[in-house]
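Undergrad: Take the sequences, apply the hints, and build the full model.
If you read the sequence shown in our numbering, its first letter stands for residue 30, the second for the next number, and so on.
Mixed in with the good hints, there may be bad ones.
Stated by the list, open to error - Capping the alpha-carbon separation at 27 Å, the derived lysine-lysine pairs in DSS-like fashion look like this:
no., residue 1, residue 2
1, Lys718, Lys617
2, Lys590, Lys579
3, Lys606, Lys590
4, Lys647, Lys617
5, Lys590, Lys504
6, Lys606, Lys324
7, Lys324, Lys290
8, Lys324, Lys617
9, Lys606, Lys617
10, Lys579, Lys504
11, Lys37, Lys230
12, Lys647, Lys324
13, Lys606, Lys647
14, Lys647, Lys493
15, Lys718, Lys647
16, Lys200, Lys290
17, Lys504, Lys493
18, Lys579, Lys606
19, Lys718, Lys590
20, Lys718, Lys606
These aren't lab readings, by the way, just hints derived from the structure by calculation.
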Amino acid sequence: MLPDASVKRDALHAARSLLILSDVIAQRAQVDRGTPSGGDTFGSIALPDDTALSQFARRVRFSREDLERLGVEPASLIPFVLDAGTFRFVSTSAIGDTPLEFHPLIALCDEILVVSPNNMSIAVRSVLVNTAINGGMGEQLQYELMHRQEIHAEATGFWPIQRLSLSEPVKYSLRGMVTQYDHGRYLHVLQIPTSFDNFPKAGFATVRPLSQETNQFIADDISRFWRFLENQGDCRESATILLLTGWGAPHSFAPPVRGEKAPQNWQFIPLAFADAAVLGACDGGNFTDIVRLLKQHDRLSADGFTFVNANGLLNLFGFFRATGGNLIPEHFTDIAPPTMISMGTNELLEPRIEGTTRRDYRALEAPGSEHRVVQRTEWGKDGSPPIYASVDDINEGRLSGAVAVAGRTWWIESQANEGESQEWRYQIWNAVLQWLGTIGPAIIERYPNRFPVWPMRITLEIPKSQAFERIPSGKAVGALRDTIAIHRSDDGVSGAIAIQDRWLPFLQSAENIAEIELVAAALELLSEPSEDLLPRTEIAQIVADIIGTKDWRWLHAFEAKIPLERLAGRQLVRSFKRVPFSASSLVKCQSVWTFRSRTDGIDIEGEDPCREFLARYKQEMLGSVIRDIHSFNRIALTTTVAHDYQSARREQARWRGTIRALRAIRGDQANQTAFERQNEINAVQRAAKAILEIAACEAPECYSACNSDPLSRGIGVQN
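TA: Written out as structure tokens, the structure is:
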């Protein structure tokens with residue numbers, strides 16, 4: 030944005046210097062960003078003794094020698110030093126608008142004292158914003174922030190589409206889009222910026238209301254969306270999301286939306302971009318889950334339950350999970366409307382911790398003195414190695430991942446070439462990362478001087494698709510050692526691995542010899558070239574010794590003998606999708622009260638009354654599924670559900686074929702994981718069979734196209 034002038038360089042240098050101090054304080058305190066703060070709400074705070082206070086004080090003191098050792102010039106910290114003349118405003122200003130938000134340091138004679146560590150990141154932000162505004166680039170910075178926040182919200186897969194593709198800024202700097210993400214389902218997104226007006230006088234605690242004109246424009250745009258829906262013919266569900274962005278300051282809005290004019294099954298969802306990213310990283314927190322959650326909330330509200338929630342959608346999601354998907358605590362068995370249910374303001378803590386831990390969002394150094402924004406490739410798996418993927422590279426269609434172990438960062442990349450199998454390209458790329466992430470610490474501990482500490486990059490060159498389709502069955506021919514070649518670059522930080530076609534037959538072996546050879550080639554390329562370089566055969570033996578089993582593997586090749594295997598090999602079988610927790614929760618919500626009066630109570634005594642209740646419950650659930658099926662075209666519905674049934678069968682076969690490897694990788698946890706996965710597979714198969722049978726009789730031959738909702742509802746009923 031700003032030209033490469035001294036004002037820009039000084040601001041970036043100052044920001045980097047303060048962030049270095051922030052990292053050091055965290056290291057001294059032995060905490061990371063996933064460490065929750067202690068204490069109880071309204072609890073007593075015990076005053077530490079003098080020894081503890083002195084220890085705390087040492088964490089935030091930096092002598093000139095400390096700064097020199099860290100490579101921080103004292104002059105670069107001047108923008109963050111609190112002037113003595115502003116001391117009196119610290120206690121008289123609102124939190125968020127005090128001088129500490131801009132100047133968290135005090136300069137003493139021979140040292141720097143960080144008096145407000147929690148404000149260091151805010152101070153960095155303030156310097157960068159001020160620099161852009163003073164340089165006449167405030168609007169451009171605002172646009173760049175909106176664009177990066179759009180990408181940030183996309184990166185965890187929250188949205189029902191891969192990319193939002195918001196428009197360029199229109200009136201009042203808003204950005205928007207309308208898309209059909211499924212048959213009869215439409216999404217309308219409006220991204221709302223936060224103005225830099227009056228900054229820094231109006232700081233991070235100042236609520237910035239949208240102007241009346243902007244609020245009216247939002248309401249008018251929603252009305253235009255409604256008119257668009259009227260012309261679509263078959264609109265089953267729609268939502269408008271106000272994607273709230275900004276730079277740390279809160280903002281308020283009140284668009285005059287005429288709710289009585291809203292189409293049926295339309296949802297209005299204000300959502301911060303950061304919360305969208307957190308929800309997407311949480312189990313059961315994607316867009317369709319949230320739509321079902323809000324339907325359940327509205328259904329209960331219409332029944333007379335009033336929910337008091339002062340902390341937004343993420344807080345509601347945390348409460349939803351804390352109540353087992355009921356929104357009404359289980360122990361309130363005799364609760365009846367009208368009644369008010371008040372949620373705590375801290376229900377969002379668990380989702381935030383889960384999202385932060387799973388995603389592990391960070392910047393890793395790459396060759397060429399650059400840094401890339403990355404996040405974990407595996408979520409929800411305890412003990413998984415520190416493997417990261419580049420968000421920007423994935424958005425541009427490149428596979429780029431890194432293993433961060435023992436102070437080393439090893440990048441593995443795979444470019445998409447014409448004629449390559451995308452599925453196999455990913456599988457091989459992922460296998461190399463998994464092996465390096467698992468054995469990396471052990472092999473570096475054995476040979477710490479053979480692997481340089483600077484970032485390294487390896488590019489994988491894999492065989493073309495025809496080679497995968499023509500793997501000869503039976504014994505491989507030739508020497509495994511000759512099937513993988515490495516090429517070192519002159520820069521000393523990169524190289525390439527060329528996998529020959531002749532390597533593929535070795536994947537059919539019952540042992541993991543092909544993968545060991547591949548990872549041995551990678552380690553050979555990552556090691557420091559010298560006269561006493563370890564030969565690859567010796568590296569392969571070391572890798573085998575470290576892993577300790579011949580079953581530990583991520584790749585396997587076998588002959589496709591049945592139609593399902595052939596379809597899967599051609600990527601013609603859809604990815605398996607498990608039962609959505611939100612779907613079963615929505616189906617269960619009020620399901621009993623549709624045929625049983627609340628005045629009859631919750632207790633049923635006697636065998637015959639129980640049988641009668643269960644029979645009526647079954648009939649009501651079956652009737653509700655049939656009513657839903659009546660609204661879908663028979664051929665479209667049966668085809669869609671058959672695809673889901675087929676994907677479940679494929680998933681079942683895949684797990685049966687990989688359980689040995691899974692046990693070698695996960696240990697005893699693999700059995701529990703396999704058991705849970707089998708239950709998920711069974712749920713999809715049972716629901717798909719039931720819907721297929723009912724649809725063959727009940728669905729009309731010509732109505733509307735199909736979408737995924739009937740299967741989700743059927744799955745929920747099955748559960």
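Undergrad: Looking at the structure, which of the earlier hints fail to hold?
TA: 14 and 18
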